[in-house]
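Enquirer: This is what each chain is made of:
Number of protein chains: 2
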Amino acid sequence: MRLLLIGFGTVGQGLAELLLEKEQILTDQYGLKVQVVGISDMLKGSIYNAGGINLQQALKLAKSGKKLSEMPDNFDGDAVSLITTADADMIVEATYTDIKTAEPATMHIRTALEKGMHVTTTNKGPIALFYHDLAKLAKEKGVQLLYEGTVMSGTPLLNLIRETLAGCTITEVKGILNGTTNYILSEMEQGLAYDDVLKKAQELGYAEAVPDADVLGWDALAKVTIIANTVFGEQCKPDDFPCKGITEISSEAIADAKSRGKRYKLIGKVWRDGNTVKGSVAPEEIDMSRPLAGVMGATNAVTITTDTLGDVTIVGPGAGRNETGYSALVDIIHVGGLR
Amino acid sequence: MRLLLIGFGTVGQGLAELLLEKEQILTDQYGLKVQVVGISDMLKGSIYNAGGINLQQALKLAKSGKKLSEMPDNFDGDAVSLITTADADMIVEATYTDIKTAEPATMHIRTALEKGMHVTTTNKGPIALFYHDLAKLAKEKGVQLLYEGTVMSGTPLLNLIRETLAGCTITEVKGILNGTTNYILSEMEQGLAYDDVLKKAQELGYAEAVPDADVLGWDALAKVTIIANTVFGEQCKPDDFPCKGITEISSEAIADAKSRGKRYKLIGKVWRDGNTVKGSVAPEEIDMSRPLAGVMGATNAVTITTDTLGDVTIVGPGAGRNETGYSALVDIIHVGGLR
Numbered sequence: 009m010r011l012l013l014i015g016f017g018t019v020g021q022g023l024a025e026l027l028l029e030k031e032q033i034l035t036d037q038y039g040l041k042v043q044v045v046g047i048s049d050m051l052k053g054s055i056y057n058a059g060g061i062n063l064q065q066a067l068k069l070a071k072s073g074k075k076l077s078e079m080p081d082n083f084d085g086d087a088v089s090l091i092t093t094a095d096a097d098m099i100v101e102a103t104y105t106d107i108k109t110a111e112p113a114t115m116h117i118r119t120a121l122e123k124g125m126h127v128t129t130t131n132k133g134p135i136a137l138f139y140h141d142l143a144k145l146a147k148e149k150g151v152q153l154l155y156e157g158t159v160m161s162g163t164p165l166l167n168l169i170r171e172t173l174a175g176c177t178i179t180e181v182k183g184i185l186n187g188t189t190n191y192i193l194s195e196m197e198q199g200l201a202y203d204d205v206l207k208k209a210q211e212l213g214y215a216e217a218v219p220d221a222d223v224l225g226w227d228a229l230a231k232v233t234i235i236a237n238t239v240f241g242e243q244c245k246p247d248d249f250p251c252k253g254i255t256e257i258s259s260e261a262i263a264d265a266k267s268r269g270k271r272y273k274l275i276g277k278v279w280r281d282g283n284t285v286k287g288s289v290a291p292e293e294i295d296m297s298r299p300l301a302g303v304m305g306a307t308n309a310v311t312i313t314t315d316t317l318g319d320v321t322i323v324g325p326g327a328g329r330n331e332t333g334y335s336a337l338v339d340i341i342h343v344g345g346l347r
Numbered sequence: 009m010r011l012l013l014i015g016f017g018t019v020g021q022g023l024a025e026l027l028l029e030k031e032q033i034l035t036d037q038y039g040l041k042v043q044v045v046g047i048s049d050m051l052k053g054s055i056y057n058a059g060g061i062n063l064q065q066a067l068k069l070a071k072s073g074k075k076l077s078e079m080p081d082n083f084d085g086d087a088v089s090l091i092t093t094a095d096a097d098m099i100v101e102a103t104y105t106d107i108k109t110a111e112p113a114t115m116h117i118r119t120a121l122e123k124g125m126h127v128t129t130t131n132k133g134p135i136a137l138f139y140h141d142l143a144k145l146a147k148e149k150g151v152q153l154l155y156e157g158t159v160m161s162g163t164p165l166l167n168l169i170r171e172t173l174a175g176c177t178i179t180e181v182k183g184i185l186n187g188t189t190n191y192i193l194s195e196m197e198q199g200l201a202y203d204d205v206l207k208k209a210q211e212l213g214y215a216e217a218v219p220d221a222d223v224l225g226w227d228a229l230a231k232v233t234i235i236a237n238t239v240f241g242e243q244c245k246p247d248d249f250p251c252k253g254i255t256e257i258s259s260e261a262i263a264d265a266k267s268r269g270k271r272y273k274l275i276g277k278v279w280r281d282g283n284t285v286k287g288s289v290a291p292e293e294i295d296m297s298r299p300l301a302g303v304m305g306a307t308n309a310v311t312i313t314t315d316t317l318g319d320v321t322i323v324g325p326g327a328g329r330n331e332t333g334y335s336a337l338v339d340i341i342h343v344g345g346l347r
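Residue numbers (my numbering), protein chains in the order written: chain W, 9 to 347; chain R, 9 to 347.
Just so you know, the hints here were simulated from the structure itself, not pulled from any lab data.
Hints may contain errors.
Stated by the list, open to error - Listed next, the stretches of chain W that the computed footprint assigns to chain R, with coverage defined by at least 3 CB atoms under 8 Å from CB atoms of chain R:
no., region
1, 173–179
2, 308–319
Said to hold, decoys possible - In silico lysine-lysine, PhoX-like type, Cα no more than 25 Å apart, as pairs:
no., chain 1, residue 1, chain 2, residue 2
3, W, 144, W, 108
4, R, 266, W, 266
5, R, 144, R, 286
6, W, 41, W, 149
7, R, 208, R, 252
8, W, 123, W, 41
9, W, 252, W, 207
10, W, 147, R, 41
11, R, 270, W, 266
12, R, 147, W, 41
13, R, 270, W, 270
14, R, 208, R, 266
15, R, 266, W, 270
16, W, 252, W, 266
17, W, 208, W, 266
18, W, 144, W, 123
19, W, 108, W, 286
20, W, 41, W, 68
In this text, a Cβ means the ideal position worked out from N, Cα and C, and glycines have one as well.
With the hints as extra help, turn the sequences into a complete structure.
Expert: Written out as structure tokens, the structure is:
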């Protein structure tokens with residue numbers, strides 16, 4: 009299995025580390041030899057070597073802030089040109105999410121699929137905006153398009169639904185899809201004000217300097233759209249769903265809810281309503297007796313309502329270097345031969 | 009896909025109902041035509057028809073307490089003789105668990121594997137006592153041995169670990185594996201005495217007249233052994249692990265734990281300790297902030313600790329007609345062609 013890594017930030021580097029760490033397991037347990045033959049990153053440049061590039065060296069350069077193009081395998085071209093030129097079986101698309109245009113990620117994925125390469129992506133843009141087009145193209149070309157890492161990082165929500173809940177009809181998917189806001193709400197329960205907790209979250213690296221994508225619910229909304237597209241088969245875009253963040257929730261409201269046995273959570277959900285599929289992101293008071301209420305801090309959790317099993321809930325990390333890198337790894341294992 | 013149902017009690021009937029209900033989905037989504045060609049039940053007799061038996065009629069007879077042998081497809085022989093004779097691709101072993109001998113289930117499974125038939129079982133006995141022998145035989149014969157329903161009924165714990173956590177190293181699996189005891193402990197939190205809650209559980213059908221297998225922890229112990237065998241690759245038997253039930257927990261102890269932010273749960277766990285694998289079943293005080301503490305009533309929940317993702321928790325039903333029937337259905341879909 010010859011791989012191209014498109015994007016060599018946190019996720020790409022996390023995956024590269026896992027590939028080195030788990031080389032033996034991949035061979036022994038899955039009969040899988042994975043070789044990274046090329047990397048392209050908008051800031052760090054591109055490298056290519058049909059015989060396999062030196063991942064340790066690439067990681068070392070990236071960590072010390074140097075360009076990959078310092079390596080002997082320097083490739084003179086951007087991601088699209090690398091995908092077009094390279095002799096490879098699969099790409100890992102892990103560039104930065106642009107939820108308005110989904111570019112350049114969608115172009116990378118389309119180029120790879122057109123060429124008959126498998127794709128896994130951790131990028132929410134293409135799956136939220138163009139899933140059906142891309143899935144159709146993958147099917148035509150007889151290759152796989154996987155995207156486990158777009159929701160809950162490596163916690164296997166989407167593979168869980170597709171594989172281990174095969175044959176169930178899913179009527180609702182509902183949960184805590186954003187770790188930053190869950191951390192803020194958890195901390196506010198100690199009586200701290202929103203602004204103070206946000207500042208602390210920013211200091212800890214949980215929230216960005218401009219926290220809008222998290223606190224206004226946009227990140228959760230992208231994930232809701234991905235679930236609607238992939239699990240429910242809808243053709244929808246983020247704008248189709250109402251979205252409200254956590255900025256209007258006071259610590260007093262949180263204390264009041266608690267006194268009534270409830271806890272505020274920012275809930276993203278998608279559900280069947282007769283023949284239509286609806287979705288939303290909004291804060292909700294969750295009863296303390298429900299599994300979602302007990303999920304604190306930066307953890308994510310989703311309850312899947314099914315016809316046959318009732319509710320199944322999965323709880324796990326929603327972000328992180330290793331965790332998101334792993335989502336690409338498990339997709340590679342599935343393409344390469346799980347059994 | 010031609011099936012034999014071995015055992016036509018709750019689970020076998022639950023599966024038969026699902027096969028009728030989901031016939032269209034199986035064809036449309038998985039290209040799978042499942043035909044039950046034979047059923048054998050120790051009490052209800054055996055039937056066989058190479059062209060497919062009438063499931064509706066079989067269900068109707070079973071529900072009205074009549075024998076299957078009243079059907080025109082009456083087969084004059086027991087389960088082993090049906091498996092030996094029948095032209096089929098897969099058996100569903102869903103007879104009653106005997107955790108001391110694992111018979112006659114193991115004989116059924118062995119006969120089917122020897123003949124080159126795939127097997128799914130919901131029977132804890134064979135997987136707790138003879139997993140490695142049976143898995144070796146399945147491998148030699150090039151067929152699959154699946155067993156999702158032996159732990160947490162259809163909630164996909166074992167498939168989750170094998171498929172969607174592929175490539176992760178599992179260091180601990182820990183959780184609430186028995187719904188009856190979790191229901192009893194949940195109710196005792198309201199201040200009721202153990203004996204009163206047990207009586208209520210028996211009236212509701214959650215606990216059996218002789219409740220030992222549940223309340224003394226033996227059912228959870230069988231599941232712990234299955235996890236040790238299948239997830240951790242150990243060769244072990246239930247007797248290898250310490251086991252303590254819930255009969256010595258008073259409602260006072262429960263109230264005392266609650267006052268300290270803790271909640272009693274009957275916890276089954278398996279974990280790596282250096283180069284060895286350990287297991288146990290015992291009541292534990294779980295901190296209220298942990299996902300397992302929030303799991304109440306007859307629900308099951310397991311936290312899987314991994315090298316790469318940290319903790320992933322799955323919560324879902326641990327028993328039930330449809331739920332356990334579904335575990336066999338999802339295994340059938342996996343054998344028949346998930347993709």
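Enquirer: None of the hints should be skipped; say for each whether it holds.
Expert: Verification of the hints:
1. 173–179: holds (count 5)
2. 308–319: The restraint on the region 308–319 of chain W holds, since 5 of its residues have a Cβ under 8 Å from chain R and three suffice.
3. W:144 x W:108: 22 Å, holds
4. R:266 x W:266: Between residue 266 of chain R and residue 266 of chain W the Cα gap is close to 17 Å, so the pair holds against 25 Å.
5. R:144 x R:286: The hint holds at about 23 Å.
6. W:41 x W:149: 23 Å, holds
7. R:208 x R:252: 22 Å, holds
8. W:123 x W:41: Status holds; Cα separation ~22 Å.
9. W:252 x W:207: OK: residue 252 of chain W and residue 207 of chain W at ~21 Å, within 25 Å.
10. W:147 x R:41: Measuring from Cα to Cα gives roughly 22 Å; hence the hint holds.
11. R:270 x W:266: With a Cα-Cα distance of about 18 Å, the restraint between residue 270 of chain R and residue 266 of chain W holds, given a limit of 25 Å.
12. R:147 x W:41: At roughly 22 Å apart (the allowed maximum being 25 Å), residue 41 of chain W and residue 147 of chain R satisfy the hint.
13. R:270 x W:270: Between residue 270 of chain R and residue 270 of chain W the Cα gap is close to 19 Å, so the pair holds against 25 Å.
14. R:208 x R:266: 23 Å, holds
15. R:266 x W:270: 18 Å, holds
16. W:252 x W:266: Answer holds: residue 252 of chain W to residue 266 of chain W is near 21 Å, not above 25 Å.
17. W:208 x W:266: 23 Å, holds
18. W:144 x W:123: 14 Å, holds
19. W:108 x W:286: 21 Å, holds
20. W:41 x W:68: Answer holds: residue 41 of chain W to residue 68 of chain W is near 22 Å, not above 25 Å.
Violation of the numbered hints given earlier is absent; every hint is satisfied by the structure.
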